[in-house]
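Got chain A; can you put chains B, C and D with the ligands on it based on the hints?
Chains A, B, C and D are the protein sequences, given in the same order. Using numbering that gives the first Met the number 0, read the first sequence as starting at 0 and increasing by one per residue. Using numbering that gives the first Met the number 0, read the second sequence as starting at 0 and increasing by one per residue. Using numbering that gives the first Met the number 0, read the third sequence as starting at 0 and increasing by one per residue. Using numbering that gives the first Met the number 0, read the fourth sequence as starting at 0 and increasing by one per residue.
These aren't lab readings, by the way, just hints derived from the structure by calculation. Note that the structure is predicted; figures quoted are calculated from it, not measured. Positions of the beta carbon are idealized from the N, C-alpha and C atoms, including for glycine. Some clues are possibly wrong.
As the list claims (entries may be wrong) - FRET-style restraints, in silico, Cβ to Cβ:
#1 C:E61 x A:L24: 21 to 27 Å
#2 C:V26 x B:P123: 36 to 42 Å
#3 B:R239 x C:R58: 19 to 25 Å
#4 A:L117 x C:E61: 34 to 40 Å
#5 B:P123 x A:Y152: 45 to 51 Å
#6 A:V219 x D:E57: 49 to 55 Å
#7 A:D263 x B:S301: 56 to 62 Å
#8 B:P268 x A:K357: 43 to 49 Å
#9 B:A189 x A:P216: 57 to 63 Å
#10 B:P268 x C:G56: 36 to 42 Å
#11 B:K20 x C:M82: 23 to 29 Å
#12 A:L24 x C:M82: 21 to 27 Å
Said to hold, decoys possible - Under 8 Å between C-beta atoms, here's a sample of chain C residues computed to sit facing chain B:
#13 A72
#14 S74
#15 V76
#16 W83
#17 F101
#18 G102
As the list claims (entries may be wrong) - On the chain D side, residues computed to face chain A include the following (Cβ under 7 Å):
#19 R43
#20 A48
#21 N55
#22 G56
#23 T75
#24 H77
#25 A79
#26 W83
#27 T85
#28 I89
#29 D93
#30 P112
#31 R115
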Amino acid sequence: MNHANLRPVSVIGTGMIRFGKHRDLTVPQLAQPAVREALREAGLEPARIQAIYAGTATSGWMPGQRVARDTGMSGIPVINTENACSSSATAFREAWVAVAAGLYDYVLVFGVEQLTKLGGGTLPLDQDDIEVANGMVMPALYAMRAQRYLHDYGASEADLASVAVKARRHGALNPDAQFRTETTVEEVLASRRIADPLTLLQCCPTGDGAAAVVICPTEVAARHGERPVRVLGSHLASGRFLPGFRDMTIPEITQRCSAELYEDTGVGPEDLDVLECHDAFTIAELLYYEALGLCGRGEAVSLLHSGATSLGGRVPVNPSGGLLSKGHPVGASGAAQIVEVVRQLQGRCGPRQVDGAKVGLTHVTGGGTSGFDHGACAIHLFGV
Amino acid sequence: MNHANLRPVSVIGTGMIRFGKHRDLTVPQLAQPAVREALREAGLEPARIQAIYAGTATSGWMPGQRVARDTGMSGIPVINTENACSSSATAFREAWVAVAAGLYDYVLVFGVEQLTKLGGGTLPLDQDDIEVANGMVMPALYAMRAQRYLHDYGASEADLASVAVKARRHGALNPDAQFRTETTVEEVLASRRIADPLTLLQCCPTGDGAAAVVICPTEVAARHGERPVRVLGSHLASGRFLPGFRDMTIPEITQRCSAELYEDTGVGPEDLDVLECHDAFTIAELLYYEALGLCGRGEAVSLLHSGATSLGGRVPVNPSGGLLSKGHPVGASGAAQIVEVVRQLQGRCGPRQVDGAKVGLTHVTGGGTSGFDHGACAIHLFGV
Amino acid sequence: MPDSNAAAVRMAPRTGRQLREGDVAWVGSEPRLRAARCLDCDTRVFPAATVCPSCNGERMAELPLSDTGTLYAFSTVHIAPAMWQTPYTIGYVDLPEGVRVFGKIEPVAGLAPDARVRVCLEQADDDAQAPGWRYWFAAA
Amino acid sequence: MPDSNAAAVRMAPRTGRQLREGDVAWVGSEPRLRAARCLDCDTRVFPAATVCPSCNGERMAELPLSDTGTLYAFSTVHIAPAMWQTPYTIGYVDLPEGVRVFGKIEPVAGLAPDARVRVCLEQADDDAQAPGWRYWFAAA
Ligand SMILES: [Zn+2]
Ligand SMILES: [Zn+2]
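Isolated chain A, as found in the complex:
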């Protein structure tokens, strides 16, 4: 990827609603408070926004326009993107390209999803896929990765549960989290079985939510808000077809996407002060520690137990509570990760603040397809 002609871009406004079950709202009603908060933080009237990028997976026709309609931003280009769990991270990337290329100066990105409208249970998957047609569901895919990881590295179900305990400990400090109470390893293991060895409290909850950010060229960012956060890099990848006996405890797409981004930006995993990763299930966070380069193969459990990835540790992961505790309204999650990391770098996170955080990363992936690790992965780097 050639960045020669691209302008530096910064985030100048963030907004989100508390994730949870909001059955009585419409999709635009979910998104509007987040959008209005992001505009307010950026100090911009709606009329200053020149384009909107909206990410969502299940919100029907033109969700971006339906939100714009009720927030005074009609007439401008609106691009709706879908990439499963990476939908709004993809929207952010497209917005970043447009601003970096000089097409627009002020762009709004938001993600929204209303999973309660789907009636609960596991997400509906593509029935043309042979694995789905034979009973695959997302929790089972992660459950098999977990089983194999435990088998290969001698980890225990209690180790898995410890990821959820950390997530809930962080989420308890986040007013925007769906779950705001702590839990214990015993409680996690005793919760309802979903797909062995994963129990209910090891799976991200079903919920609704929205998150938004406003970006602009770095050269004018200082005029807006108190502490703009620079976008250091943006990388998007799709899964690579891997025939044969691949190691399913290696998230190929995350490993490759992060390696390419580190190479592109010169920022390495050792430079990270804080990150939000795609902990849709407990095992996922452990696998992503390794794939993102925070530790070596088979070392994730030690890293977790060392406290390095907890608040107060060397590189806190998911200070927001992550998908496990903050919630995972699919299309909103990528934007919400960006909101969290930007606010961390701005030093605004109160009791869950990572002290002195200067460099942060957001990572979202997902979309199961037979023969692939995942359908999409988007990783963003931010710095102050």
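Just chains B, C and D with the ligands, lined up with the frame of chain A:
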């Protein structure tokens, strides 16, 4: 919009399948022949493609990845866009931005839709919209525009029907068209009533389809294929909220989007040799003649009857047969319009060729929302 | 015209979205459609919104709408989703307050663009939890 | 082991997508899962494809799969879409031809990663128009 840093971009490959009812295929199976044809025309192995932009409205999770999976393009960034009828035109625009900005050199764009999977009838609309909740359907929206246009300008139902007759005359010459037989004014008016005054043959048919193009920087385009076609401009707009007693025979979004594009590029309606416009219903084509500046207010019927917009006339409109005859698989239509105009500018259209066409335009809009003309409009200009 | 009014009520088309109590304004003892007017930019919207769709302002005042207006355009629909009984007629009516309202029209005989039409309102209890109102248009 | 086989057949899990005739290869009189091998890059895929997902080549040869393999990982699912009766067990099995196949497992008692499993195949006529095959895994 600032174009200072953007590289010129050209289309070097096109592909599409015949539109129609393909109930037995999956979405990837619909798209693959179009994608493979576009790659073949571009003379590129799949591994040369650096990113994919997929446009569709109703194809479920990550359609771009599902198509890429089976065509040897895994691993690269895939962006799925939705903008109702403008979905793949929006994908094309995003791809154009990325190539123009220098991120990628070879990018695939495709659109796909399988409307037969929805069970037929009018398209499902957003039930939160108060007009939809009170019985609005898309044909009725255009029917009311038609009624008012006939009332305001003294046109007749036979004038409307003449648009369909022209579309079917053109479509009869296009092997990729869903309808390939001619019709008459009498037959059009005698067909089943849909939403008065519109009859069945005045409404685009339900169908499935796919279309694809490959783009690259103009500086390397000459190495690929026989006659690359340059992208002269790309413009995307969303509807503007218009309270009060607006004139619904003026397609506000199309008028504004085309005016901005003409201003941006210095190309005017008098420069056009051929265009594909969004004739989802007969009245639409007449309204778009005026909105795109091919004639003045109230002059569309005269322009049609003069033969200027028929094959052999001054500025043939919808030589492919348009949505009325070629078909309108929503998300595929924008890309299919680009395929047609590119092939026209390459002089490859056989009996429906517009002689000596040098400049062409594609126009797609749609997405009904109360208080707005439409949700999105994308217009592209091409030249050789 | 109590008789023709009663007939119209009996023929009231079922609408998918009932108005809520808050969508109706009272002019004396008469119920009227309730729009909103932006105190900043004078935009008028129906149904009433709490945020102005033109200027994003939040100073919105109640605007009761007249009960007669002018038909802008209409269409009788023969093909529609299964939830609707076809044919039915829908149209846009321009009310003197500068607001165009969309709704069903019944009866439709003799109507043409620019005809005078009346706004009919009745209480609806389709949804026992949230009783509301139903409106439609008829020849004036 | 005709007895245990018969038991397994009776317990055959219903799968959402039956194999088609073309998904089964015959080794002598024995039906086997039919994969495909790319003659250009040696990629092997199940179900068989006509285009190679690795190199996009179209020279694909039939590759009958063995009827025993090694269990890579499995999970018993307790929450699933309504079309499935829970709990059920699914897993990945590695076959000697270098192909990993996903499917249901029954019975599941005593299984662990790296266990030897058997591929069971039976003719299915769930869909009278297109009779096909059903497969699942059982302990070897
Ligand atoms: Zn206002
Ligand atoms: Zn191959």
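Violations among the numbered hints: Numbers 8, 20, 21, 22, 27, 31, in rising order.
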